[in-house]
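Given these sequences and hints, build the entire structure.
Protein sequence lines, in the order shown, are assigned to chains H and S.
Heads up: the first sequence begins at 1 in my numbering, then just goes up one per residue.
Heads up: the second sequence begins at 1001 in my numbering, then just goes up one per residue.
Wrong hints could be hidden among the right ones.
What the hints assert, rightly or not - Under the rule of at most 35 Å between Cα atoms (straight-line distance), these lysine-lysine pairs were calculated in the DSBU-like manner: (1) S:K1182 - H:K30; (2) S:K1032 - H:K116; (3) H:K116 - H:K81; (4) H:K81 - S:K1240; (5) H:K27 - S:K1182; (6) H:K116 - H:K27; (7) H:K81 - H:K30.
Hints were generated in silico from the structure; no laboratory data involved.
On a predicted model such as this, the values are computed, not experimentally measured, just so you know.
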Amino acid sequence: MTNPLIQPEPLGQPAIQVRGAHRVFGKGRKQVDALSAVDLTVADGEFVSLIGPSGCGKSTLLRLVADLDSPTSGEVLVFGKSARQARLDQEYGIAFQQSGLLPWRTVAGNVELPLKLHGINSEIRRRRVAELLELVGLTDFARSHPDQLSGGMQQRVAIARALAESPRLLLMDEPFGALDEITRERMQNELVRICAETGAAVLFVTHSIPEAVFLSDRVVVMSPRPGRIAGVVDIRADGLAAAHDRSAGVREEEGFFRAVGEVRSLLHGTPETAAVARGVDHR
Amino acid sequence: MALVNVVLTRSRAIVLGLLGVAAVVATWDVYKALGPEQGVLIGTTRVLPRTTDLAMPHSWEMLQRFGEPVTARIGAPDAFSAVFDASMFSLGLAARGWLIGVVVGLLLALAMSRFRIVESALLPWVVLSQTVPLIAIAPLVRRWGSEIEIGSYVWTSQDSVAVIAAYLAFFPVAVGALRGLKSPDTTHLDLMHALGVGWWRTLLTLRLPASVPFVLPALRLAAASAVIGAVVAEVSIGLKGGLGRMVIDYAVAASGDPAKPWAPIFGAVAIGLLAAGAVGLLGLALRPFRLTGVPR
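If you want it as structure tokens, here you go:
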């Protein structure tokens, strides 16, 4: 169950602050409220998942944070700066559902792309790329081209690229959405390890309840028409370790199943649960 | 292992290509040997040509003709060197036209991909330009060209031919490059935006490399178009020295020397192949950019 008393300890500036964000697409009768009155805070180093059915605005919310889109009204701050300034200062790394690798660049060439575009010299680049490939376990594939890799490996390259400039915030838009279940669980285990090593805060969009519960400190459940936050489940309140300290075995723990149940009931809008959750968490 | 495979595929392609040419030659001569003298008629419509020596010279006669002098006049060069000179002349003009066409086509595509309004305004005209018959614009180009005088530079008929070749060549490049420049998907564009990269850097890092698989076939098409454009423009403008005029001149000899008109036609085929082959080499140089991310 959602527990409002257990909130992350704020460490300096929170990674993300969204206040009263609205996003309206279209005009007149075709107007669609993609996001309505969304408030969300993600602490530094915290792992937060956004989950909800299609059209609930979870990707829109992530795009607002990434400054790939602007709110119609409301405010989005990343490490206390405007989303636009944060983007220009490269405060975040981003990974999408499609890996978005450049097919004519090698794996190493793709990972170093952000560094190269920002004028980092080649010696530092080379070292950093070696580190990152080690981190995602693709050292042997540095010279391969993306078309020689499996979907899971391509996604690992994309994650390495997102981490290239050691951002303190990682934005991930269904990065494992196109992978098969087995690869997906392995990638989740790896992501937990990578997050523990980098200590970055993560905003993670997903369709999968177990994925959200396994990875997150908190799961934000969203509902459509208009897109809004239906409730927040604090996974740590269910007796699970903090997101950074989890192992694959967590999937077998009782707290895991309890948390999955809570997220599910919020998603399907079981009246009393949803009402309580909304009342509590709709700050 | 990979090298062996490449060699095998290569030699297979060459053998198949030669077989294809041999099949055409064989069909020609077999029909000539077995077909009826008056050709095949359905009602009064002739669906297959007469097989007389006048209408269909033997393939080996056409080949032999290259070794014989152009005319009976003493000191006349053999047909091969005459056709070769004319081919090189036309190829030179076609190459100039190709280069102009490629530059113009790429610039148009860049402008159209940069500004939606330019695309809306220009694209219909680009398409429309190709519906105007070359014969109609050739005299215009020459008239307008003759008004041009930049310093000591005087516009020549050769310039007119190159411009007309360019007129045909720019079209596939403009359309192909526009598609290529717009080919990166949303994920790639979002990534560039997230990395805080502006239009110019996005063009260099993403759009131009992504357009290569679209531009290469367009360049090849443009090369073939430039050759046709150059030959046709030579005829329309009446420029001597190239294959265009030679086709007309040699056609006059058809009644007495039926193999002769075929010589410049083979010349045109040869430079067409040469032009397309040269562009193929360009493709080899740009090989890494032909990867599209689809598993091999």
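Results for each hint:
With a C-alpha separation of about 28 Å, the suggested pairing of S:K1182 with H:K30 holds against the 35 Å cut-off. A distance of roughly 66 Å separates the Cα atoms of S:K1032 and H:K116; the hinted pair therefore is violated under the 35 Å criterion. Using a Cα cut-off of 35 Å, the hinted pair H:K116 and H:K81 holds, with the two alpha carbons roughly 25 Å apart. Distance hint between H:K81 and S:K1240 is unfulfilled; the C-alpha atoms sit about 71 Å from each other, more than 35 Å.
Restraint check: the Cα-Cα separation between H:K27 and S:K1182 comes to about 27 Å, which is no more than 35 Å; the hinted pair holds. For the hint linking H:K116 to H:K27, the alpha-carbon distance of about 41 Å lies beyond 35 Å, and the restraint is violated. Straight-line distance between C-alpha atoms of H:K81 and H:K30 comes to about 33 Å, which keeps the hinted pair within the 35 Å bound.
The structure does not agree with the numbered hints 2, 4, 6 stated previously, though it agrees with the rest.
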